[in-house]
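> Modelling step: build the complete structure from the supplied sequences, incorporating the hints.
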Amino acid sequence: MELTLSLAIGIMAGSGIYLVLRPRTFQVIIGLSLLAYAVNLFIFAMGRLRLGAPPVITPGLGSDPALYTDPLPQALVLTAIVIGFATTALFLVVLLASRGLSDTDHVDGREPEEE
Amino acid sequence: MSNWLQHLPILPILVPMLIGALLLLSSDSRHGPRIALSLLAVLLQLAVAGGLLAVAGGWVTAPWSGTIGIYALGNWAPPFGIVLVVDRLAAVMLMLTATLGLAALVYSIARWEKAGVHYLPLFQFLLMGLNGTFLTGDLFNLFVFFEVMLAASYGLALHGSGGPRVRAGLHYIAVNLFASLFFLIAAALMYGLTGTLNLADLPLRVAALDAGDRQLFHVAAAILGVVFLVKAGAWPLNFWLPAAYGNAVPPVGAIFAILTKVGVYALLRLGVLLQESGVAPAPFGGTWLFYCGLITTAVGTLGILSAQKLDRLAAFLVIVSSGTLLTAFGFTGTLLTGPAIYYLISSVLGSGAFFMLIEMAERNRKQGADLLAISFEAFGMESSRHDTEHPDEMVGVAIPAAMAFLGLAFVACVLLLTGLPPLSGFVGKFALLGASLTSLPHAPLLHVGLFITALILSGMAGLIALSRLGIRVFWDMERQTPHLQWLEAGPVGALLLVCLWLALAPEGTMAYCAAASESLYDASAYIRTVIPYPPEVVGP
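First to last, the sequence lines map onto chains A and B. Here our numbering is used: position 4 in the first sequence is 4, and no number is missing along the way. Here our numbering is used: position 420 in the second sequence is 420, and no number is missing along the way.
There's no promise every hint is true.
[What the hints assert, rightly or not] Output of the computed footprint for chain A on chain B, the stretches with three or more beta carbons under 8 Å from beta carbons of chain A: (1) 136-147; (2) 160-171; (3) 174-186.
Quick caveat, the hints were computed from the structure, so don't treat them as lab data. Note that the Cβ used here is the ideal one computed from N, Cα and C, for glycine as well.
Laid out in structure tokens, this is it:
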């Protein structure tokens, strides 16, 4: 499970960084989203991987902390997802405005000169 | 008496949040009440910041013991609960934010507020984010307040719209979103290793880490440091800054002058706390930060000399002041921090006033006049048609009051930003130089030399560039006198008067800054205050 998760995080982060460095705004926003997914999974993994353990106290299970998974990273991930979603939506609006104003989807607002 | 004082630390966050939300509900067409409400919010923040300044400074009996105040949200005891921490440095930064915010808000009433939608609520949310970052005692909340501040700043940077603004905003947002993701990685790593997000608890837990985990913690701290350096506008992470700041509308540029200082503040705060645990990760202090600041100052100085427009020049001046601060905080010993805080106050107020001033001065000038003038200068095509046509006409013309004000304010800004006497910029730089010489036996001679050279050269470059562009702007004969309103001239004048007061009576402020730096470096007191928090009932 550890290998699968770390591979998933690594591949998503790698693809995200590659896309962020591309010259088209659409590639940048997809790259940022992929990176955000990778980071969210990473935060989740920082609470240690546990199978079948609930994060909140369940009546039948008692109060022994060892039976539960760490709830804090899950709360952090929720916050991070919300903030990431909002800022990505905002970026999308700016991207469209830039496309409308400059008639190009290049990040610098103008096409590079042809050789 | 102490009952309501106890709740003072939460107000700088609550007031702008509630009033910002109220402003969102009312429609944009009801100008009067909306402006009154925003002004009320900023005045309240100013009053609260004044109160906190007095409480932290020990002039008023504090509702908490010692100079560091704690506000446990929901009365949950730290390290599990979230805390706000007020010490002298935080109080100074709150006061600075409120002062600059008031000036920028009053300035924007006259025209800029109407240049787009939702200016007033975004302005309040920006202040909320700023206040929150200065107050929070929790790493994840630091992230949240950073995001609140940045989200509002994205909207404000785009205020007024237009091609160049959107293009600069696109870069600004992309870079800062990227940096925010790094912040999350660092915060998650730190939590994964230590199991805490409380800034005071962190050093205690780090000290107990084994060697392998400690290395991983260094990695996390390095990533976090890079994030703060991006916000602080340190080279080579600052290429987005001149365009974004230079293209923002003037009052927004003015309030942005404090945004870079947030990064500097976070570096300083976390650096001191982490050093307490015996871990001093690279970006948080020492030689590394010193050279980083030095290069930033150098790059900013080159930018100042090459800038062809005043707003871009102002943005580079912000970079120089950031670089100077990073250099001072990276300097050996802690002697420079007090004067550096004084310098920070003066430079933030000065650059805020400058951002607002240049727009007034540039009004009624032809687009691109600066560029033409400079290329004339470079190619020796000085146009002399005015002198030949009517040589006597300009003699004896009375200077209009607006021009006189603009000219005087410009001179004052130049003195402030380049550190020439008699304004507070000089006092700040002089104190920095003096402190660096005092620390000579402990600090390497090379560092002292480099610091003094950087400080003097950057000031000189600023003087050259500002007087060159100033001549072009103010002695431009084709211009008409700009029409000024009291609402616009007032805030600039007020900010400059504050700087004048800082220069005329520097002892009080300087002593406060020195005490702030002293209590900042007393990290064990900070930790002791936050962690053994007795669970007592707060308030009625």
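> Take the hints in turn and mark each one as holding or not.
Results of checking the hints against the structure:
1. 136-147: Since three or more residues must qualify, the claim that chain A covers the region 136-147 of chain B holds, with 3 doing so at under 8 Å.
2. 160-171: Answer holds; 8 residues pass the 8 Å Cβ test.
3. 174-186: holds (count 7)
Consistency note: the structure conflicts with none of the earlier hints.
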